[in-house]
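Q: Assemble the whole structure, with the sequences as input and the hints as a guide.
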Amino acid sequence: MANQNATHGESHVAHHFVDSEQQLDSSKLGMWLFLVTEVLFFGGLFVAYIVYRAWNPELFYMSAKELSTTLGAINTVVLIGSSLTIALAVRAAQLNQRALLSRYLIVTILLACVFLVIKYFEYTSKFAVGILPGEFYTYEGIDHPGAPIFFSIYYMMTGLHGLHVIIGIGLMVYLVVKARAGTYTAAYYTPVEVTALYWHLVDLIWIFLFPLLYLIE
Amino acid sequence: MAAASKDLKIREFPVEENPTEHYLNAGKGLKSWLFTVDHKRIGLMYLASIILFFFVGGMLALALRIELWEPARTFMDADTYNRVFTLHGAIMVFLFIIPSIPAALGNFFLPMMLGAKDVAFPRLNLLSFWIYSIGALFTLYSIAYGGVDTGWTFYTPYSTSTGTAVISMTLGVFIMGFSSILTGINFIVTIHKMRAPGQTWGKLPLFLWSLYATSIIQVLATPNLAITFLLLILESTLGVGIFDPALGGDPVLYQHFFWFYSHPAVYIMIVPAFGIISEVISTFSKKTIFGYWLIALSSLAIAFIGFLVWGHHMFVSGQSELSTVIFSFLTFFVGIPTGIKILNWIATMYKGSIDLKTPMIYALMFLFLFSIGGFTGIMLGALSVNVHLHDTYYVVAHFHYVMMGGTVFAFLAGIHYWWPKMTGKMYNELWAKIASVILFIGFNVTFLPQFVMGSQGMPRRYYSYIEQFQTLHQTSTVGSWILGVGFIIVGIYLAISLFSKNNRASSNPWGARALEWMTTSPPAHHNFNHTPVVLHNPYDFHKPISEFRLGIDGSDGHHSSEDVSTPKEVGDKV
Amino acid sequence: MSGHHIISLKYLLGAATALVVLTIITVGASFIEIPRPFDLIVALSLAFGKATVVAAIFMGLIWDKKINTMALLFSLLFFIIMIGITLLDTLYRDVPFWIYS
Ligand code: HEM
Ligand SMILES: [Cu+2]
Numbered sequence: 007m008a009n010q011n012a013t014h015g016e017s018h019v020a021h022h023f024v025d026s027e028q029q030l031d032s033s034k035l036g037m038w039l040f041l042v043t044e045v046l047f048f049g050g051l052f053v054a055y056i057v058y059r060a061w062n063p064e065l066f067y068m069s070a071k072e073l074s075t076t077l078g079a080i081n082t083v084v085l086i087g088s089s090l091t092i093a094l095a096v097r098a099a100q101l102n103q104r105a106l107l108s109r110y111l112i113v114t115i116l117l118a119c120v121f122l123v124i125k126y127f128e129y130t131s132k133f134a135v136g137i138l139p140g141e142f143y144t145y146e147g148i149d150h151p152g153a154p155i156f157f158s159i160y161y162m163m164t165g166l167h168g169l170h171v172i173i174g175i176g177l178m179v180y181l182v183v184k185a186r187a188g189t190y191t192a193a194y195y196t197p198v199e200v201t202a203l204y205w206h207l208v209d210l211i212w213i214f215l216f217p218l219l220y221l222i223e
Numbered sequence: 242m243a244a245a246s247k248d249l250k251i252r253e254f255p256v257e258e259n260p261t262e263h264y265l266n267a268g269k270g271l272k273s274w275l276f277t278v279d280h281k282r283i284g285l286m287y288l289a290s291i292i293l294f295f296f297v298g299g300m301l302a303l304a305l306r307i308e309l310w311e312p313a314r315t316f317m318d319a320d321t322y323n324r325v326f327t328l329h330g331a332i333m334v335f336l337f338i339i340p341s342i343p344a345a346l347g348n349f350f351l352p353m354m355l356g357a358k359d360v361a362f363p364r365l366n367l368l369s370f371w372i373y374s375i376g377a378l379f380t381l382y383s384i385a386y387g388g389v390d391t392g393w394t395f396y397t398p399y400s401t402s403t404g405t406a407v408i409s410m411t412l413g414v415f416i417m418g419f420s421s422i423l424t425g426i427n428f429i430v431t432i433h434k435m436r437a438p439g440q441t442w443g444k445l446p447l448f449l450w451s452l453y454a455t456s457i458i459q460v461l462a463t464p465n466l467a468i469t470f471l472l473l474i475l476e477s478t479l480g481v482g483i484f485d486p487a488l489g490g491d492p493v494l495y496q497h498f499f500w501f502y503s504h505p506a507v508y509i510m511i512v513p514a515f516g517i518i519s520e521v522i523s524t525f526s527k528k529t530i531f532g533y534w535l536i537a538l539s540s541l542a543i544a545f546i547g548f549l550v551w552g553h554h555m556f557v558s559g560q561s562e563l564s565t566v567i568f569s570f571l572t573f574f575v576g577i578p579t580g581i582k583i584l585n586w587i588a589t590m591y592k593g594s595i596d597l598k599t600p601m602i603y604a605l606m607f608l609f610l611f612s613i614g615g616f617t618g619i620m621l622g623a624l625s626v627n628v629h630l631h632d633t634y635y636v637v638a639h640f641h642y643v644m645m646g647g648t649v650f651a652f653l654a655g656i657h658y659w660w661p662k663m664t665g666k667m668y669n670e671l672w673a674k675i676a677s678v679i680l681f682i683g684f685n686v687t688f689l690p691q692f693v694m695g696s697q698g699m700p701r702r703y704y705s706y707i708e709q710f711q712t713l714h715q716t717s718t719v720g721s722w723i724l725g726v727g728f729i730i731v732g733i734y735l736a737i738s739l740f741s742k743n744n745r746a747s748s749n750p751w752g753a754r755a756l757e758w759m760t761t762s763p764p765a766h767h768n769f770n771h772t773p774v775v776l777h778n779p780y781d782f783h784k785p786i787s788e789f790r791l792g793i794d795g796s797d798g799h800h801s802s803e804d805v806s807t808p809k810e811v812g813d814k815v
Numbered sequence: 009m010s011g012h013h014i015i016s017l018k019y020l021l022g023a024a025t026a027l028v029v030l031t032i033i034t035v036g037a038s039f040i041e042i043p044r045p046f047d048l049i050v051a052l053s054l055a056f057g058k059a060t061v062v063a064a065i066f067m068g069l070i071w072d073k074k075i076n077t078m079a080l081l082f083s084l085l086f087f088i089i090m091i092g093i094t095l096l097d098t099l100y101r102d103v104p105f106w107i108y109s
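In the order they appear, the protein sequences are chains A, B and C.
The number in my numbering is simply the position in the first sequence, starting from 1, with 6 added.
The number in my numbering is simply the position in the second sequence, starting from 1, with 241 added.
The number in my numbering is simply the position in the third sequence, starting from 1, with 8 added.
I should point out that these hints are in silico values taken from the structure, not numbers from a laboratory.
Ideal Cβ placement from N, Cα and C applies to all residues, glycine included.
Treat the hints with care, as some may be off.
What the hints assert, rightly or not - Here are the simulated distance ranges between beta carbons: (1) B:Val-628 / C:Ile-89: 52 to 58 Å; (2) B:Gly-387 / C:Ile-89: 55 to 61 Å; (3) B:Lys-250 / C:Trp-71: 34 to 40 Å; (4) C:Leu-17 / B:Asn-770: 45 to 51 Å; (5) A:Thr-76 / B:Trp-274: 54 to 60 Å; (6) B:Ala-289 / A:Trp-61: 16 to 22 Å; (7) A:Gly-176 / C:Gly-22: 28 to 34 Å.
A: In structure tokens form, the structure reads like this:
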């Protein structure tokens with residue numbers, strides 16, 4: 007809208023809000039509601055997981071042995087670290103430390119990339135032996151007819167999660183550009199805050215994926 | 242902030258009639274519409290789109306009814322028939338009825354009823370419209386590609402093995418789901434954060450309570466639809482096998498996934514309709530709504546219970562006996578909050594001064610038709626009865642009584658109620674009444690026989706039938722023509738009203754009390770030229786209308802979080 | 009106001025440490041032979057513990073408006089409804105209901 011900022015001294019407050027307080031509160035609630043939809047979106051896959059695990063407990067114990075606990079654990083720590091750095095980024099924005107803000111964001115992006123690289127090596131080593139999703143599955147090391155289903159679930163859950171990581175990286179790159187331009191101040195850092203919320207959720211989901219997929223011994 | 246309230250001045254803002262500047266002429270040209278962030282314009286664009294799809298879906302329905310004129314083939318073969326009923330169902334459900342009331346009327350009136358200038362996230366609102374349009378394009382593509390023949394439910398394993406355009410169709414619905422989610426999030430945040438000063442939860446118009454409940458369902462249920470269709474798409478492209486018995490999967494699990502969304506979705510369709518009925522009945526009875534909190538909270542109760550009953554669509558699908566019994570038991574509970582609403586509406590009318598204007602006529606028709614739809618739903622929820630009636634025309638009649646007799650009639654009530662506010666023009670009351678009666682007759686002639694056929698065993702989704710049913714089928718087909726005529730009349734007089742000269746509507750033609758009537762018709766670009774202040778319940782018809790037109794003196798239309806003075810203080814200042 | 013709470017470094021670093029420790033315990037526990045249902049229960053309890061730390065501190069729910077916490081809890085509730093009722097079917101497929109038998 008053309009006159010978006012016309013009536014305000016505080017230029018970042020959109021015309022239909024009273025003040026930045028109302029704007030930040032609204033954006034946060036909006037983001038939380040979005041996270042609710044994310045939880046339920048992943049929830050569908052968790053339902054599939056639970057139903058099939060309850061049907062074939064053996065299958066899950068046998069198949070999970072193929073996944074590398076070490077890599078999974080490293081990735082867990084990497085994501086925890088990235089959650090910390092983005093929380094620090096929000097703090098930096100609140101304290102008006104602009105240089106620190108973009109530095110923390112960049113570290114977060116790097117950690118996210120580390121996560122993806124590790125995931126990439128995990129995937130390719132699986133592909134190499136014929137562990138592919140669905141009807142492309144050719145691996146013969148697991149003596150259970152349901153093995154393709156386990157790995158389909160594995161690929162869908164981690165794939166969807168990986169997609170969220172990539173989206174998160176995109177959002178953070180945007181934040182870095184904006185932060186460099188000096189958009190975010192102690193008075194206005196809503197995008198940083200809501201992106202951080204999103205990123206923590208990505209971490210949260212991994213916290214559940216890790217024991218459910220990797221740690222069934 | 243309490244300190245500021247001392248010098249807060251509140252005064253009455255009388256409404257200017259026949260404004261020269263309003264949201265419709267605030268910008269010109271196609272671009273000013275397609276890229277607007279004004280919730281009113283977005284609402285109208287939604288309105289135009291859903292009317293378009295209602296028309297397309299309606300034509301398909303007429304074709305289906307004509308095919309059923311003869312027991313054997315009339316003019317299309319079985320395969321075409323399958324595609325036509327699938328398209329009819331999918332278009333009506335996903336493109337018309339789900340966005341209908343919330344996205345069109347809700348978008349337009351939600352901020353106005355809150356006294357806000359816009360929804361909380363105007364650009365997200367526009368994005369949601371665009372996402373809807375992109376989803377619709379996918380649907381159109383699927384039609385061009387040869388259609389889909391699975392029924393709107395896309396049951397596996399048929400949907401993953403039929404050669405038709407299931408993937409693009411479900412992808413379209415998947416995309417439209419995001420539009421629905423964004424609208425839901427936007428509405429919830431707006432209702433929480435942008436109410437006018439003084440508008441407590443207890444003074445929220447009931448239409449907004451119903452939109453609030455609807456939005457909660459949209460936010461909680463739609464993600465599940467997304468994941469369902471994602472799984473379906475991966476199933477047909479990668480063969481992941483979750484739903485395919487040939488690969489060790491379970492087709493009944495698909496039905497759980499699907500109905501976990503789609504049963505709550507029927508409340509996405511009907512709960513906003515309840516909201517319109519509450520507004521209309523109170524306004525045209527000139528009486529405070531009976532049982533405000535019961536109506537408000539029963540919407541939330543319906544939203545919640547609606548999540549517990551999805552398995553009543555799966556009684557004969559092979560789910561466990563334990564779950565059939567539990568689902569049947571839980572299904573009956575939906576009837577309680579619904580019944581509460583109906584009783585409260587009737588109690589509202591009791592001893593009111595009822596004014597039988599067109600919106601009220603539609604509301605009364607709604608009460609009648611929706612009650613039939615609801616009661617037959619309860620019948621279907623009874624386990625043993627369902628075994629006989631499942632997949633028959635009885636089910637078809639049931640859901641048309643609730644979806645068309647309920648939602649569409651309430652939608653018509655809403656359109657006629659708010660038409661003068663949206664367009665600034667008044668339609669021809671006589672023709673509107675005539676059309677409503679034609680629609681009512683047409684509707685019952687079409688769908689009452691289907692209850693009879695269904696209970697006698699006529700299965701749904703067949704293009705042929707045994708001769709015994711011919712009279713009933715033909716009656717139903719004739720009814721569909723009457724319905725068609727009714728809708729044509731509605732379209733004509735509404736269009737004429739737009740272009741006539743001497744029918745400018747006043748700002749509050751019905752003498753209603755809610756905030757949207759306290760501004761000009763059509764509304765100003767930013768809805769109000771002051772920050773409205775709310776003192777009374779929107780149904781307090783016994784209080785003078787001047788006390789509903791209050792606003793903060795000297796404000797430029799922005800909200801203020803200052804405390805509102807008591808009526809007594811206001812009395813001094815007004 | 010609550011919307012602008014600045015989380016102290018002590019909390020942030022404490023949360024991160026707690027998360028890493030809990031991860032180590034989770035991995036460690038998976039190497040111990042715990043009998044069948046309990047291995048899952050242990051793993052999930054630890055995961056819930058970690059999730060609580062992330063939500064409460066990193067996401068700032070402790071200091072935030074209660075409605076945001078409610079939103080998160082609602083998503084959990086509805087997930088539980090979905091899986092709970094679905095399991096009533098999938099786990100009892102071949103069990104005749106007592107009224108019928
Ligand atoms: C009083 C509340 C209601 C109850 C107890 C109820 C119950 C049922 C039951 C048991 C069925 C399954 C019939 C079968 O396939 O065997 C059904 C089908 C259906 N209902 Fe309702 N219903 C209610 C309200 C509604 C409302 C308000 C709507 C929509 C606005 C609706 C839309 C539908 C649809 C679309 C179907 C058919 C789905 C399909 O198989 O294609 N119902 N209902
Ligand atoms: Cu249902």
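Q: Compare the structure with each hint and give your call.
A: Results for each hint:
1. A hinted range of 52 to 58 Å is violated for the C-beta pair B:Val-628 and C:Ile-89, which are about 26 Å apart.
2. For the pair B:Gly-387 and C:Ile-89, the supplied restraint of 55 to 61 Å is violated, since their beta-carbon distance comes to about 38 Å.
3. Between B:Lys-250 and C:Trp-71 the C-beta distance comes to about 36 Å, which sits within the given range of 34 to 40 Å.
4. The hint said 45 to 51 Å for the Cβ distance between C:Leu-17 and B:Asn-770, and at roughly 48 Å that hint holds.
5. Remark: the range hint 54 to 60 Å for A:Thr-76 to B:Trp-274 is upheld by a beta-carbon distance near 57 Å.
6. A C-beta distance of roughly 49 Å is found between B:Ala-289 and A:Trp-61, which places it outside the suggested range of 16 to 22 Å.
7. Take A:Gly-176 and C:Gly-22: their Cβ atoms lie about 30 Å apart, and the range 28 to 34 Å holds.
Checked against the numbered hints given earlier, the structure breaks hints 1, 2, 6 and satisfies all the rest.
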